[in-house]
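Turn these sequences into a full structure, and let the hints steer you where they fit.
There are 4 protein chains.
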Amino acid sequence: MLSQQDLLQLFKETRADSERICSFLETEDYVVQPVENVSPPKWHLGHTTWFFEEFVLKKYSPGHELYDKNTAYVFNSYYESVGEKVIRTNRGNLSRPTVAWIYEFRKYVTTKMIDLLTRNKLDQEPLKVVEIGCHHEKQHQELLYTDIKYILGNNPLSPKYNDEFKENRIQDFEREWITVEEGVYEIGHKSDDFCYDNELGLHKKYLCGFSISNKLVTNGEFLEFIEAGGYKDVLLWHAEAWDWIQQNEINKPAYWHKVNNSWKQYTLNGLQDLNPDAPVTHISYYEAFAFAQWKGMRLPTEEEWEIAQEKFEWGSRWEWTESAYSPYPNYKKPEGALGEYNGKFMVNQKVLRGASVATSRHHSRSTYRNFFHPQLRWQFTGFRLVK
Amino acid sequence: MLSQQDLLQLFKETRADSERICSFLETEDYVVQPVENVSPPKWHLGHTTWFFEEFVLKKYSPGHELYDKNTAYVFNSYYESVGEKVIRTNRGNLSRPTVAWIYEFRKYVTTKMIDLLTRNKLDQEPLKVVEIGCHHEKQHQELLYTDIKYILGNNPLSPKYNDEFKENRIQDFEREWITVEEGVYEIGHKSDDFCYDNELGLHKKYLCGFSISNKLVTNGEFLEFIEAGGYKDVLLWHAEAWDWIQQNEINKPAYWHKVNNSWKQYTLNGLQDLNPDAPVTHISYYEAFAFAQWKGMRLPTEEEWEIAQEKFEWGSRWEWTESAYSPYPNYKKPEGALGEYNGKFMVNQKVLRGASVATSRHHSRSTYRNFFHPQLRWQFTGFRLVK
Amino acid sequence: MLSQQDLLQLFKETRADSERICSFLETEDYVVQPVENVSPPKWHLGHTTWFFEEFVLKKYSPGHELYDKNTAYVFNSYYESVGEKVIRTNRGNLSRPTVAWIYEFRKYVTTKMIDLLTRNKLDQEPLKVVEIGCHHEKQHQELLYTDIKYILGNNPLSPKYNDEFKENRIQDFEREWITVEEGVYEIGHKSDDFCYDNELGLHKKYLCGFSISNKLVTNGEFLEFIEAGGYKDVLLWHAEAWDWIQQNEINKPAYWHKVNNSWKQYTLNGLQDLNPDAPVTHISYYEAFAFAQWKGMRLPTEEEWEIAQEKFEWGSRWEWTESAYSPYPNYKKPEGALGEYNGKFMVNQKVLRGASVATSRHHSRSTYRNFFHPQLRWQFTGFRLVK
Amino acid sequence: MLSQQDLLQLFKETRADSERICSFLETEDYVVQPVENVSPPKWHLGHTTWFFEEFVLKKYSPGHELYDKNTAYVFNSYYESVGEKVIRTNRGNLSRPTVAWIYEFRKYVTTKMIDLLTRNKLDQEPLKVVEIGCHHEKQHQELLYTDIKYILGNNPLSPKYNDEFKENRIQDFEREWITVEEGVYEIGHKSDDFCYDNELGLHKKYLCGFSISNKLVTNGEFLEFIEAGGYKDVLLWHAEAWDWIQQNEINKPAYWHKVNNSWKQYTLNGLQDLNPDAPVTHISYYEAFAFAQWKGMRLPTEEEWEIAQEKFEWGSRWEWTESAYSPYPNYKKPEGALGEYNGKFMVNQKVLRGASVATSRHHSRSTYRNFFHPQLRWQFTGFRLVK
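Protein chains in written order, with full-length UniProt numbering: chain X, 1 to 387; chain B, 1 to 387; chain A, 1 to 387; chain U, 1 to 387.
Honestly, the hints are just simulated from the structure, not real lab data.
All of these numbers come straight from a predicted model, not from anything done at the bench.
Hints may contain errors.
Computed far set for chain A versus chain B, every beta-carbon distance over 12 Å [stated by the list, open to error]:
| id | residue |
| --- | --- |
| 1 | Q5 |
| 2 | I114 |
| 3 | R175 |
| 4 | K205 |
Below, a list of computed lysine-lysine pairs in the DSS-like style, where the Cα atoms sit at most 27 Å apart [what the hints assert, rightly or not]:
| id | chain 1 | residue 1 | chain 2 | residue 2 |
| --- | --- | --- | --- | --- |
| 5 | X | K204 | U | K205 |
| 6 | B | K160 | X | K107 |
| 7 | B | K205 | A | K204 |
| 8 | B | K128 | A | K333 |
| 9 | A | K69 | U | K205 |
| 10 | A | K205 | B | K333 |
| 11 | X | K332 | U | K232 |
| 12 | X | K205 | U | K205 |
| 13 | B | K332 | A | K204 |
| 14 | X | K205 | U | K232 |
| 15 | A | K205 | B | K204 |
| 16 | A | K387 | B | K333 |
| 17 | U | K311 | X | K204 |
| 18 | U | K387 | X | K344 |
| 19 | X | K204 | U | K190 |
| 20 | B | K204 | A | K69 |
| 21 | X | K332 | U | K205 |
| 22 | A | K69 | B | K205 |
| 23 | A | K344 | B | K387 |
| 24 | A | K69 | U | K258 |
| 25 | A | K387 | B | K344 |
| 26 | X | K295 | U | K332 |
| 27 | X | K205 | U | K204 |
| 28 | X | K344 | U | K333 |
| 29 | X | K215 | U | K160 |
| 30 | B | K204 | A | K204 |
Even glycine gets a Cβ: it sits at the ideal position worked out from N, Cα and C.
What follows is the structure in structure tokens.
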């Protein structure tokens, strides 16, 4: 657990980071929601602020005056009903509150939080909530990047976000197969550092021996799969995957475009030539699985990944695993409102391990369990093979 | 047909009006599209400008340089494919081009148009297209009001548009039944003034005798219908209407809210007490029809309305008629791109006659044929009864 | 109005006809419902029988014992809720009651009806309901043919219904254009013979002069339209029609198949070569309209058709008109349960005039107003042109 | 592996069983398909027969003459396209081939198979396919029971199947908690007896210690959950489960009806009083999970179930586990067409262990891995708790 002083530092840095990420946007970019799982940037900025006001200031800062009791509820995750007036709506339809209002709201809450963390010596309980709040906002920072990419990358004008953000880290080293011996291993979060509830419940796992690649699959390798007809061979795909690629006419990773017979990739720096040496990204679990079938190999389980990860580089792509997202053997759902955080998603999702180019500082660790539905592609996903 | 000088005046006034309507908006309000038939205000501003550049300047202003050939296409009504790069999208997902960009685009095109109309003596053909362009923009001005109302009125914060716009004109006169004798009447546009293709084809119509109310149905009368269980009596409704009210849980006009047991109505001035004397609005054809059934009366046909209209006040509500939208007996679809304008909508729609509080100056006339699907309610619709 | 004796004859003939139509079916053919607007033949047989028991025997035959009070309700048109046990279902899911049960039910009700019509001298009121019941069953006979065609014609084995039913009557006469003079005409049902409520309200109509073809459009002519790219020219189509043909990949009339490069048509006699001289059928209003646009002509209104029909042959195809289905000027909705019969469908439908090869004996007349949604094709529809 | 003689016996018994199950049906019951995952009984009878003709007779019986080359393809699982004539359809729309045809087809194929198995000494390869074919047909026998229950139980007349089939075996013994010690266990199929590919790959699994109930959860216990508001407490449910119960208005197990304030259950013997001591059935994984949450317990993993199962009675309900359906560590997808059998379903499904009252003789074993989507309820599902 961090000291109050360190936590204050983490809080300040986290709040500033969210605003820095959005500093490259036009006002209009904050507003739209092109698909359901992408949220408007202004909602991310408001929601992460509401979290601190709702769970910290309201509870632990006596006499705290709400910034605006009539408005903040729109930043709850579920805000369908308010008092007697019920309006069904969704995030992408809301032009109000404005972006300027949200920045004022942020400033107000940030200031009050700094006051709280500076003036008083707080108990462990509030400190813990502040820490969760910071990590919660860091999760939303990753979503900010990927949602912004979706918003700009699906605009027919292909506007760029900025020139600095680097999506594609080249792996300039040789392929090697890292061997792990059969045996009983320990899985789960061990240290006192922050982690989510779903990483807890340290437990033993029996692993058969396996070999895992030190490199992620690249754009060039994935292009071979496309050119070999991988998207057309029903035997490589799960039954649900096959329906999905037919219905959505999927035949390449997201953000790939064939323009005048040459392959382009939309990145946060704009539309660029596809780099065959960069790790492939924006692929679904289904596509990662089909590629592995085609190679006669498979994806790692999350436990295999966790045990092997010390021996390879990771951190530029969230890596799909074969593991369905389930509770660890000793999983205990936390009490109270924060208890909803992870457990309720433990069905029909696949675990991803690692971190990505969009992951915030201090927000990646080897036991982190990310999870998405198997068809989703808007994150910086990737994969490595096991044989 | 207007003189070139008058047309220049009409053009200037029209362009200014669109911008004045939007002057009360925040940037965010220009962007969202909460339902399919509501367009973002920025799209209206861009589309009406694109119209003048595409159909006037490109054709009749030699050497005209396009403001931005890579961007303007998004303001075409159908812009799904562009060259080899195809991106499916819709208007409410587009954060770019920005509002500022669109105002620059407007300024450029407006200036070029004024130059053209000032410096040269133009032929009838371009003048005619300019006139259509002005009326086209006036139609979009009406849509701007109703789309803005939808955007703000479906926001849970119920923000107001401004304090000036008056939606509800009280009819402070007694109900009278205006009688029209059986006989042959002439229907359609007669003068040389501007009208749309669908009003042309002056023709004779045999009308049976009828009596029509000099007053629109009011909120108070409609409330009686609600309280008498009108929304629950299947015998009052068309079969398709019944399905529609069940599936959408329709039990009151749009923008009505029951708050703490008293009826409120969202207006462009914000949420207000329902005025029982104001003409009811934001009702579908289905609801107008069911109300008439309940009263043992009926809606007028469009020809009955056209013949009787001289004897009553109209202009605050678009009035539903019983008439399906069909071509007049001598209808000729215009040649070329503008030929698509009206004919292709002549199925499954009902005619509305009159004009509304949102109709632009110089844009209402007794022969005007508006049309919408029978379930739509976002316009300032209303109705009067015939017996 | 028919005498009781003649009505008895009509009743017997009608009941026998329904069973004769079904005599060519296998038990399995009675059960399925491939699309929503096609009902299983066993439902038609049960529903027409339920009508006589519910509206005649229950009311006018004192002491009538219901055949089975627990079962017959499934033959009501709307049977979603029964007592406290509510089961949502639809007609094509119901394997029970069995076909054998339904024939027993028919026999019981037919016998009781014959008793009633034979033994007593009935008042006008019950006689009128019996007459409506017979015409109601005749309507279902037409639907039996077209629903059976749908069921068999959409089976990949293309089974035939029988060898006798003749769908395609060749028009072996020359094309002529019949001229009707401008003037006031009388529209609506005049005689004392049976008609539906929607034909009543004799009224005057002013018609402009027009010329109408004495021949229906043929398969050969429609093939020219296809080969000229008619299905690909957006300018020929209503906006809603264009969406419909895109979404449903419509590019030919229903039941047409191109097999080994030659055109076949599924008929009730099985799959056959397309006869270019037969009148085209199973086309939607949208397709009829687009064809007329392509020819530079139009469809007749229902009044034009009614006035001109004495001068041409009709009766093998229901003919699409340009008229939307609306009440006649003096239309009065009948009182009571039978009042729902026609009025509630008077929106979003187009009128068809004439009759078809599937129309029952004594069930066609020049004032008959049939109506369907503009995209429907499973009836024996056709059309003729006006210029 | 069975001897050829034993296999012949298994084959005969299996073929006879399918027909005995259907002997209680009316012809109409064979035809309908009320929901997508329920197949018409006639399809099951045809499909299992097609399997033997396609994979055994065609390959291993030289000179075999197909019963009907134009028809049998409709019993392939995927029969959308045939030669050049493509008709989209689904199983429940097909009235042909008839039930009588299918029984003739069965007789022909059964006779030819018996000839083959009687006259020749066959190799291991064909014998293996025959064995799979028998087990394949046994799987369809279970589906026959549950599909028939769906067809009859969703008919508003609640017809019974027969009087003999016993759904509800009472567990007349006390609740006990069986303890399993922490340690490494062996998982997977061991013997030479028949099993599916997904059970192979014997491997070690580390289990933490746990206690599992010797009894299935009963109707009475589940009723307590309902009465305690279990279906209304969002905290008990997965996020996707909550959406599912809202959208489908789920508030009780399938086939339960509250009639005149008392609970009834539709069974294959007709509608009966709910027996509180019978094990609950026709519940989804979501409901089993929510019940366990409510009790503060959990469902077993499939490995826990497999290790503990020797110590409790099972076989009347398929039992939901917490395990997602994934490949075993050493899973190898079989070569060829039969390789599609299991692997392609290994995503988004939960494993069920045990067997049910509908499971065929010789078709249950402790390593059998059944799997369904978490919302499905038409099987005889149940569950037991772990703490």
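Minimum Cβ distance from A/Q5 to chain B greater than 12 Å, as the annotation requires: 36 Å, holds
Pairwise hint evaluation, A/K204 against B/K204, where the allowed Cα distance is 27 Å at most: 12 Å, holds
What's the verdict on A/K205 and B/K333, does the C-alpha distance respect the 27 Å limit or exceed it? Holds - the C-alpha atoms of B/K333 and A/K205 are around 24 Å apart, at most 27 Å.
A/K387 paired with B/K333 [C-alpha distance capped at 27 Å]: Distance of about 14 Å is within 27 Å: holds.
Compare the distance between the alpha carbons of B/K205 and A/K204 with 27 Å, and conclude whether the hinted pair is satisfied. Holds, at roughly 10 Å.
Please work out if X/K204 and U/K190 have their alpha carbons no farther apart than 27 Å. 24 Å, holds
Is A/K344 close enough to B/K387, meaning Cα to Cα at most 27 Å? 19 Å, holds
Since A/K205 was said not to touch the interface, does its Cβ keep a gap of more than 12 Å from each Cβ of chain B? Check fails; 6 Å does not lie beyond 12 Å.
Does the alpha-carbon distance linking X/K332 and U/K232 stay inside the 27 Å limit? Status holds; Cα separation ~22 Å.
A/K205 and B/K204: Cα distance at most 27 Å? Holds, at about 10 Å.
Take the C-alpha atoms of X/K204 and U/K205, compute the straight-line distance between them, and say whether it is at most 27 Å. Measuring from Cα to Cα gives roughly 9 Å; hence the hint holds.
Pair hint B/K128 and A/K333, alpha-carbon separation not exceeding 27 Å: 48 Å, violated
Hints 4, 8, 9, 14, 20, 22, 28 and 29, counting from the list given before, are not met by this structure.
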